[in-house]
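Chain A is already provided as a structure; the job is to place chain B on it using the hints.
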Amino acid sequence: MSAVARARGGAPIKRLLKRNEFYLAALILVLCVSITAANPSFLTLENVLSFLKTSSVNGILAVGVLFVLILGGTPDVSFTAIAQVVEYVVVMATLRWGGDIPLALLGACALGAVMGSVNGFIIHYFRVTTIVVTIATLNVYFGMLYVLTGGNVIFVVHPMFKQFASILLFPMRSANGAVYGLSLMPVMWLAVLVVGWFILRHTFLGRAIFAMGGNEVAAQRIGVNTLWTRVFVFSFVGLLSGVAAIVHTAIVLSAIPNIIVGHELEVIAAVVLGGASLFGGKGTIIGTFLGVLLFAVLKNGLVLLNFSSYWYDVTIGIAITVGITVSAYQQQRAERSRVNVKVEAVAAQ
Amino acid sequence: MTDARAGQSDRSPSALGALTPSTERRRIPDASLYVILVAIVVLMTAVNPERFPTLSNLQSMLSQLPILAFLSIGMMISMLSGGINLAIVSTANFTGIITALMLRALTAGDSASATLGVTAVAMLAGVAGCMLVGAFMGWLVAYVEVPAILATLGVTTLLDGVNVVLTRGYTISNFPDALLAIGNGMTFGVPTPFLMLLVVVVLLHFLLNRMPFGFRLYMLGSNPIAAKFSNINTRAVLMGDYVLSSAFSALTAFVMMGQLNSVKANYAQSYVLVAVLACFLGGVDPFGGAGRLSGMILAVIILQIISSGVNLLRVDPFFVTAMWGAIILVLIAVNHFTGRWREGRRLARMHGPGAPEGAPTARPSATEPNSSPRGERVR
Numbered sequence: 003m004s005a006v007a008r009a010r011g012g013a014p015i016k017r018l019l020k021r022n023e024f025y026l027a028a029l030i031l032v033l034c035v036s037i038t039a040a041n042p043s044f045l046t047l048e049n050v051l052s053f054l055k056t057s058s059v060n061g062i063l064a065v066g067v068l069f070v071l072i073l074g075g076t077p078d079v080s081f082t083a084i085a086q087v088v089e090y091v092v093v094m095a096t097l098r099w100g101g102d103i104p105l106a107l108l109g110a111c112a113l114g115a116v117m118g119s120v121n122g123f124i125i126h127y128f129r130v131t132t133i134v135v136t137i138a139t140l141n142v143y144f145g146m147l148y149v150l151t152g153g154n155v156i157f158v159v160h161p162m163f164k165q166f167a168s169i170l171l172f173p174m175r176s177a178n179g180a181v182y183g184l185s186l187m188p189v190m191w192l193a194v195l196v197v198g199w200f201i202l203r204h205t206f207l208g209r210a211i212f213a214m215g216g217n218e219v220a221a222q223r224i225g226v227n228t229l230w231t232r233v234f235v236f237s238f239v240g241l242l243s244g245v246a247a248i249v250h251t252a253i254v255l256s257a258i259p260n261i262i263v264g265h266e267l268e269v270i271a272a273v274v275l276g277g278a279s280l281f282g283g284k285g286t287i288i289g290t291f292l293g294v295l296l297f298a299v300l301k302n303g304l305v306l307l308n309f310s311s312y313w314y315d316v317t318i319g320i321a322i323t324v325g326i327t328v329s330a331y332q333q334q335r336a337e338r339s340r341v342n343v344k345v346e347a348v349a350a351q
Numbered sequence: 032m033t034d035a036r037a038g039q040s041d042r043s044p045s046a047l048g049a050l051t052p053s054t055e056r057r058r059i060p061d062a063s064l065y066v067i068l069v070a071i072v073v074l075m076t077a078v079n080p081e082r083f084p085t086l087s088n089l090q091s092m093l094s095q096l097p098i099l100a101f102l103s104i105g106m107m108i109s110m111l112s113g114g115i116n117l118a119i120v121s122t123a124n125f126t127g128i129i130t131a132l133m134l135r136a137l138t139a140g141d142s143a144s145a146t147l148g149v150t151a152v153a154m155l156a157g158v159a160g161c162m163l164v165g166a167f168m169g170w171l172v173a174y175v176e177v178p179a180i181l182a183t184l185g186v187t188t189l190l191d192g193v194n195v196v197l198t199r200g201y202t203i204s205n206f207p208d209a210l211l212a213i214g215n216g217m218t219f220g221v222p223t224p225f226l227m228l229l230v231v232v233v234l235l236h237f238l239l240n241r242m243p244f245g246f247r248l249y250m251l252g253s254n255p256i257a258a259k260f261s262n263i264n265t266r267a268v269l270m271g272d273y274v275l276s277s278a279f280s281a282l283t284a285f286v287m288m289g290q291l292n293s294v295k296a297n298y299a300q301s302y303v304l305v306a307v308l309a310c311f312l313g314g315v316d317p318f319g320g321a322g323r324l325s326g327m328i329l330a331v332i333i334l335q336i337i338s339s340g341v342n343l344l345r346v347d348p349f350f351v352t353a354m355w356g357a358i359i360l361v362l363i364a365v366n367h368f369t370g371r372w373r374e375g376r377r378l379a380r381m382h383g384p385g386a387p388e389g390a391p392t393a394r395p396s397a398t399e400p401n402s403s404p405r406g407e408r409v410r
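The listed protein sequences derive, respectively, from chains A and B.
So the first sequence is residues 3 to 351, counted in my numbering.
So the second sequence is residues 32 to 410, counted in my numbering.
Only chain A is shown next, with the shape it has when bound in the complex (with noise of 0.2 Å):
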């Protein structure tokens, strides 16, 4: 393969060859010029816009959930009932009370992040893993929601999130005269990742995640306060969640109390792919970013190209299964030549 002979000469692609990002760009890259090449309408400005803001849901629930995979443990799967709840009392509550985006978007981060902070308070205090607590606050938000509500869809929302909906950055025309542009969900998204990406590598607090991702005892011993630093992660969630919400409720234009839940695992898997560990203290965000683009070209792409819906889970299926094959038998791999390199210094002394 040339690209190992190209490997062999620079550093820094060899680096690169060794980054999971890499293969899923590459990925990406492959699928998109294949899908392309079926369908020239993939590759219009105008289709990425809108792949990007129906994904950003996915996207910005992803940052939270590598946030908890970064802090070690099982992941989280609460956070769509959080969003579930969150998106039905914000639209409930503007209906009644009227306000603005900007209020209820702080309205659905306190929530959210209250809601949140629970599953770090238990996580840390009895001690159990994160999917069994999540598993359990999961059932009860969504649970109480349905107890609640009755429920009901809500097809008439507050008209200021049509109003959100409908603003376009970089307003443009398209050829059969629709007009198109940068809505603000994705803009929201790119917001996400900056502050993620911002916090896990430019702060003290990144560092905690990190560090308590790879050792919870050293960490401690360290200085890191785990009580605190889990439950941020926790709140932090919950907080996207609560965006995740909005901007959810601005794309469908209705509260529909069994939309988000359920989709938890699609999240996940999206992050995983994006090659952050189960095991914690590894991670990215632009790999993060990367495996929600990844299902949203798959998604968009099967559409394009005619497939029945039906075949959506199978292909998701499919790249899960092959995903998290080829990255076990890499990390297989890798293991195998550090007890190699292990051995041949061994043998040097």
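A few of these clues could be false.
Said to hold, decoys possible - Taking CB as the label site, the calculated pair distances span:
no.	chain 1	residue 1	chain 2	residue 2	range
1	A	S339	B	K259	19 to 27 Å
2	B	R345	A	G264	20 to 28 Å
3	A	A112	B	T218	56 to 64 Å
Unchecked claim - With the C-beta cut set under 10 Å, the calculated list includes, among others, these residues of chain B facing chain A:
no.	residue
4	A136
5	L181
6	V186
7	M354
8	L360
Hints were generated in silico from the structure; no laboratory data involved.
Treat the numbers as computed from the prediction; the structure is a model and nothing was measured.
A virtual CB, placed ideally from N, CA and C, is assigned to each residue, including glycine.
Chain B alone, transformed into the frame defined by chain A:
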């Protein structure tokens, strides 16, 4: 069902737990579960004295129990190795759909008229499909070394998709009487699926507690490296573990087909959670190596009584969903506090009554975040 490894399974993976000598008196296994069981029965009878303690309710509970029990046992078997099988329900649906499609193909559309032989062939096809899924998951976990939660998650998504594609999203119904008898039949006044469950549990008890495979499985779960160095083919055991776990999905599938007289891509999805809950309640350690069949069965019975009892009260089914979550949270808290209490008593016995160190009120996590009073709650 007392078993030889009851003592071993109470192990503590934390360094502190392993070093402290066990001065604790032998406890009756699953004592707390018996207490909960009695309490729940009394509570349900008190709340609903006309409809709960009746023969028909007992029969209906006995016929509903096997589905939950088979799924929970499948989940438990995967947890014994330290993994988890999130695909149990999807595998069950897959098995059901394969069987139904085979029936339809073999009888040219009129599934209900299938003879016993044809039905058996179709069921074998379903089992074969199910085994294939189990082997695939086992291969992913054992040989590719994918974390079990991810491997089974991927397979779940894949199977859900395949199920929808195979059925085009429709319900397939109308099955032959032989199949319906598995789900609805009565033998000497006892629902047939319950008798099936009894037989299977006895067989499984021998497999897990009296046969080499079971011993290897528990060893693998409690310490994979030690198991490997004890000349156990860990990969083969792990593979067998997932095939066995999936076999319980097949059993679930046939009972479900019999009771509902239909198959669909997304039946019983919420049971994955209840199965996890049953394992948690039954004292199965999600990190592997610990968990007894008896505790598991008790937990399933408790959950079934709660579910049936609450259903009789005609409450919102989503309230039941919320309740499952709340029960997990309560259990977590109870486990935590009783664990601390026991630890405190043990320390008090070790150091004498006046020992100030390690008193029950001392937060065990203050210095050692990973050495919880009882090992299984280490994150």
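Here is how each hint holds up against the structure:
The hint said 19 to 27 Å for the Cβ distance between S339 of chain A and K259 of chain B, and at roughly 20 Å that hint holds. Range check, R345 of chain B to G264 of chain A: about 26 Å between beta-carbon atoms, so the 20 to 28 Å window is met. At roughly 59 Å, the beta-carbon separation of A112 of chain A and T218 of chain B lies within the given 56 to 64 Å, and the hint holds. Of the supplied interface hints, the one on A136 of chain B is violated, with its beta-carbon coming no nearer than about 20 Å to a beta-carbon of chain A, more than 10 Å.
Proximity of L181 of chain B to chain A holds as hinted, the smallest CB-CB distance being about 5 Å (cut-off 10 Å). The restraint placing V186 of chain B at the interface with chain A holds, with a minimum CB-CB distance near 7 Å, inside the 10 Å limit. Nearest Cβ of chain A to the Cβ of M354 of chain B: about 7 Å, under the 10 Å cut. The hint holds. The interface hint given for L360 of chain B is met, as the beta carbon of that residue sits about 5 Å from the closest beta carbon of chain A, less than 10 Å.
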